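Colleague: Each chain, written out:
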Amino acid sequence: MTSPALAVTGLTVRYEGAERRALDEVGLVVAPGEILGILGPTGAGKSTLLQCLSGVIPHHEDNAAMRGEIEVFGRPLGDFAGLSEITETVGLVMQDPEVQLVNTVVREELVWGMENRGIPVPEIEKRLRRATDLFDIGGLLDRFTHALSGGEKQRVVVASVFCLSPRIMLLDEPTSELDPAGTEGVMDAIRVLADEGVTVIVVEHKIEELAVYADRLVAMRAGRIEAAGTPREVLMGPAAPDRPQVLDIALRLRERGHWDAELPLSVPAAVAGWQAMTHDPQSDRNHS
Amino acid sequence: MSGTMLYQPGKTFLHRADARAKIAAIIVVLVVALTTTRIDVLVALTAVVVIGLAVLARITPASYAKALLLIIPLVLLLTLLQSLVQGGPALATIGGVSLSRAGVLLGLGIGMRLFAMGICFYGFSVTTSPSDIALALHKVGVPYKFAYLTSFAFRFLPLLQDEARTLLTAMAVRGSAESSSRHPLRRGRAIVRMLFPMLAGSMKRSSDIALSMELRGYSLPGPRTFYRTTSFRTGDALLVVGVVLLAAALLVMQWQLPAPFTEGA
Numbered sequence: 001m002t003s004p005a006l007a008v009t010g011l012t013v014r015y016e017g018a019e020r021r022a023l024d025e026v027g028l029v030v031a032p033g034e035i036l037g038i039l040g041p042t043g044a045g046k047s048t049l050l051q052c053l054s055g056v057i058p059h060h061e062d063n064a065a066m067r068g069e070i071e072v073f074g075r076p077l078g079d080f081a082g083l084s085e086i087t088e089t090v091g092l093v094m095q096d097p098e099v100q101l102v103n104t105v106v107r108e109e110l111v112w113g114m115e116n117r118g119i120p121v122p123e124i125e126k127r128l129r130r131a132t133d134l135f136d137i138g139g140l141l142d143r144f145t146h147a148l149s150g151g152e153k154q155r156v157v158v159a160s161v162f163c164l165s166p167r168i169m170l171l172d173e174p175t176s177e178l179d180p181a182g183t184e185g186v187m188d189a190i191r192v193l194a195d196e197g198v199t200v201i202v203v204e205h206k207i208e209e210l211a212v213y214a215d216r217l218v219a220m221r222a223g224r225i226e227a228a229g230t231p232r233e234v235l236m237g238p239a240a241p242d243r244p245q246v247l248d249i250a251l252r253l254r255e256r257g258h259w260d261a262e263l264p265l266s267v268p269a270a271v272a273g274w275q276a277m278t279h280d281p282q283s284d285r286n287h288s
Numbered sequence: 001m002s003g004t005m006l007y008q009p010g011k012t013f014l015h016r017a018d019a020r021a022k023i024a025a026i027i028v029v030l031v032v033a034l035t036t037t038r039i040d041v042l043v044a045l046t047a048v049v050v051i052g053l054a055v056l057a058r059i060t061p062a063s064y065a066k067a068l069l070l071i072i073p074l075v076l077l078l079t080l081l082q083s084l085v086q087g088g089p090a091l092a093t094i095g096g097v098s099l100s101r102a103g104v105l106l107g108l109g110i111g112m113r114l115f116a117m118g119i120c121f122y123g124f125s126v127t128t129s130p131s132d133i134a135l136a137l138h139k140v141g142v143p144y145k146f147a148y149l150t151s152f153a154f155r156f157l158p159l160l161q162d163e164a165r166t167l168l169t170a171m172a173v174r175g176s177a178e179s180s181s182r183h184p185l186r187r188g189r190a191i192v193r194m195l196f197p198m199l200a201g202s203m204k205r206s207s208d209i210a211l212s213m214e215l216r217g218y219s220l221p222g223p224r225t226f227y228r229t230t231s232f233r234t235g236d237a238l239l240v241v242g243v244v245l246l247a248a249a250l251l252v253m254q255w256q257l258p259a260p261f262t263e264g265a
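Protein chains in written order, with our numbering: chain U, 1 to 288; chain Z, 1 to 265.
A couple of the hints might just be wrong.
Said to hold, decoys possible - Facing chain Z, according to a computed beta carbon distance under 8 Å, are these residues of chain U, among others:
id, residue
1, 84
2, 94
3, 99
4, 104
5, 115
6, 120
7, 164
8, 232
9, 251
To be verified - Mimicking BS3-like on lysine-lysine, the simulated pairs with C-alpha atoms at most 30 Å apart in a straight line are:
id, chain 1, residue 1, chain 2, residue 2
10, Z, 204, U, 126
11, U, 206, Z, 204
12, Z, 139, U, 206
To be clear, the hints were calculated from the coordinates, so they are not data collected in a lab. A quick note: this is a predicted structure, and the numbers were derived from the prediction, not measured. Even for Gly, the Cβ is constructed at its ideal location relative to N, Cα and C.
Take these sequences, add in the hints, and give me the full structure.
Modeller: Shown next, in the form of structure tokens:
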């Protein structure tokens with residue numbers, strides 16, 4: 001039997017001087033190649049969870065007390081030599097792209113991590129081409145990193161972590177500064193990665209996107225997991241921190257007896273549902 | 001000056017030159033500038049640097065004129081101080097205070113020295129990519145982790161400028177007249193007030209940046225590959241030889257020609 005990509009048991013974190021636990025007995029299993037979306041209000045513990053899964057807590061943050069077990073592909077995280085070894089398997093994209101761009105030119109930014117790992121130049125070129133195609137940043141390669149827009153910076157940061165070929169990618173609000181088209185582009189890229197076997201855990205406030213792209217969702221509140229399951233299960237349940245607007249509209253229409261189709265989680269699904277409900281078989285016969 | 005001393009990509013001779021050759025040229029200019037206070041030699045050196053940048057990198061004096069204007073008050077202050085503390089015949093007497101001729105020449109010489117070195121550094125930084133500087137330092141034996149820090153500094157200079165601008169704007173929109181004032185003293189007070197939050201922000205950010213670098217293998221002990229390569233070509237050697245010859249000519253000029261504006265000269 002294959003080991004899960006990540007298995008978390010009883011994970012508890014308390015920051016120094018904090019009144020309550022940032023994470024409270026969190027348990028989680030993520031399968032290889034799965035996209036797991038994490039939802040929750042500010043302060044729910046989403047970013048802290050990603051920091052634990054990437055080894056940042058306890059290796060970098062020294063003001064957080066942590067207990068519990070984390071296994072990465074069956075290997076306890078504590079058995080890794082340090083943050084550098086963990087990052088060979090787990091890639092983390094933090095919230096603020098500005099602090100993650102450490103080179104002056106985009107091309108140098110993308111190759112820098114690979115150079116540090118001693119990856120041969122032909123392989124660097126191959127990964128660079130793949131990253132520029134996947135994240136649509138070919139036109140940015142010779143631009144200065146400080147001159148990019150917020151959305152461009154986010155795409156470059158995600159691409160630079162992708163270039164390291166981690167088996168697990170942890171993304172903390174990777175589309176917060178992107179417009180709808182940019183968000184869709186990044187989420188499409190994430191889908192492609194997952195289809196190739198990369199496990200992706202993504203913290204997002206854009207529920208509509210997660211509902212469409214995630215295989216499973218986890219809803220967190222005050223350091224605890226309140227609900228976990230398919231997007232439909234979580235978003236229709238009482239623990240959902242918020243719902244896609246289109247689902248809310250469909251629910252209201254259903255209350256008034258105007259929606260008989262399956263409740264939609266996205267606009268295309270709502271359109272399909274609406275068409276199915278308003279479809280008149282008689283008119284089809286007349287047309288034929 | 002165009003605002004910053006950041007790299008501006010181009011295809012001129014100096015842009016294409018190996019960073020090691022440019023560093024060597026800078027060292028030669030620094031040696032000449034720091035080994036003489038003769039104003040004629042320093043004027044000639046500054047002229048060579050200005051003409052060199054115009055010819056080899058198409059950098060005109062207009063692009064760094066503003067920065068030079070900022071140095072002028074410093075040069076005047078230095079000249080005044082030197083004219084008061086140096087002995088010898090007086091150039092002028094104002095209100096009973098004698099201004100020494102040797103002191104004035106020394107102050108102006110130091111000013112020319114600052115001009116020559118400043119223009120030289122400006123030319124280097126706008127024609128050399130930060131990663132090329134890091135690579136050049138690494139090639140001459142500096143461990144990569146230290147060499148990279150030069151490139152890193154260039155990355156975060158604009159970040160600090162942005163942060164300073166944001167803080168000044170934030171102060172202005174909350175009614176601080178000082179932060180948008182054109183008066184240097186008032187503006188200076190706003191900048192002092194801005195320094196603490198900027199420092200605090202930088203401290204917080206530096207921890208995140210260190211983490212980000214570690215997550216991408218900066219602290220890995222193993223061998224590193226280099227995607228970019230540099231090569232020291234004939235043109236680079238000619239640049240170094242040319243600068244050395246010019247420096248030699250200036251030194252000969254210093255030894256052979258009498259110092260100007262001296263008694264009997």
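Colleague: When you check the alpha-carbon spacing of residue 204 (chain Z) and residue 126 (chain U), does it fall within 30 Å?
Modeller: Status violated; Cα separation ~36 Å.
Colleague: Grab the minimum C-beta distance from residue 84 (chain U) to chain Z and call the hint holds if it beats 8 Å, violated otherwise.
Modeller: Hint on residue 84 (chain U): holds, closest Cβ of chain Z at ~5 Å, below 8 Å.
Colleague: Holds or violated: is there a CB of chain Z closer than 8 Å to the CB of residue 164 (chain U)?
Modeller: Cβ of residue 164 (chain U) sits 7 Å from chain Z, so the hint holds.
Colleague: Are the Cα atoms of residue 206 (chain U) and residue 204 (chain Z) separated by 30 Å or less?
Modeller: The given pair, whose Cα atoms are some 27 Å apart, holds under the 30 Å limit.
Colleague: Is the interface hint for residue 115 (chain U) satisfied, with its Cβ closer than 8 Å to some Cβ of chain Z?
Modeller: holds (5 Å)
Colleague: Answer holds if the nearest beta-carbon of chain Z is closer than 8 Å to that of residue 120 (chain U); otherwise answer violated.
Modeller: Holds - the Cβ of residue 120 (chain U) comes within 8 Å of chain Z, reaching about 6 Å at its closest.
Colleague: Residue 139 (chain Z) and residue 206 (chain U) were given as a pair; does the straight-line alpha-carbon distance stay at or below 30 Å?
Modeller: Violated - the C-alpha atoms of residue 206 (chain U) and residue 139 (chain Z) are around 47 Å apart, more than 30 Å.
Colleague: Given residue 104 (chain U) was flagged as interface, is its beta-carbon under 8 Å from a beta-carbon of chain Z?
Modeller: holds (5 Å)
Colleague: Can we keep the residue 94 (chain U) interface hint, with Cβ of chain Z closer than 8 Å?
Modeller: This interface hint holds because 7 Å falls under the 8 Å limit.
Colleague: Hold the hint about residue 232 (chain U) up to the distance rule: shortest CB distance to chain Z must be less than 8 Å.
Modeller: Because about 34 Å separates residue 232 (chain U) from the closest Cβ in chain Z, which is outside the 8 Å limit, the hint is violated.
Colleague: At a threshold of 8 Å, is the proposed contact between residue 251 (chain U) and chain Z supported by beta-carbon distances?
Modeller: violated (41 Å)
Colleague: Hold the hint about residue 99 (chain U) up to the distance rule: shortest CB distance to chain Z must be less than 8 Å.
Modeller: holds (4 Å)
This entry does not satisfy hints 8, 9, 10, 12, going by the numbered hints stated previously.
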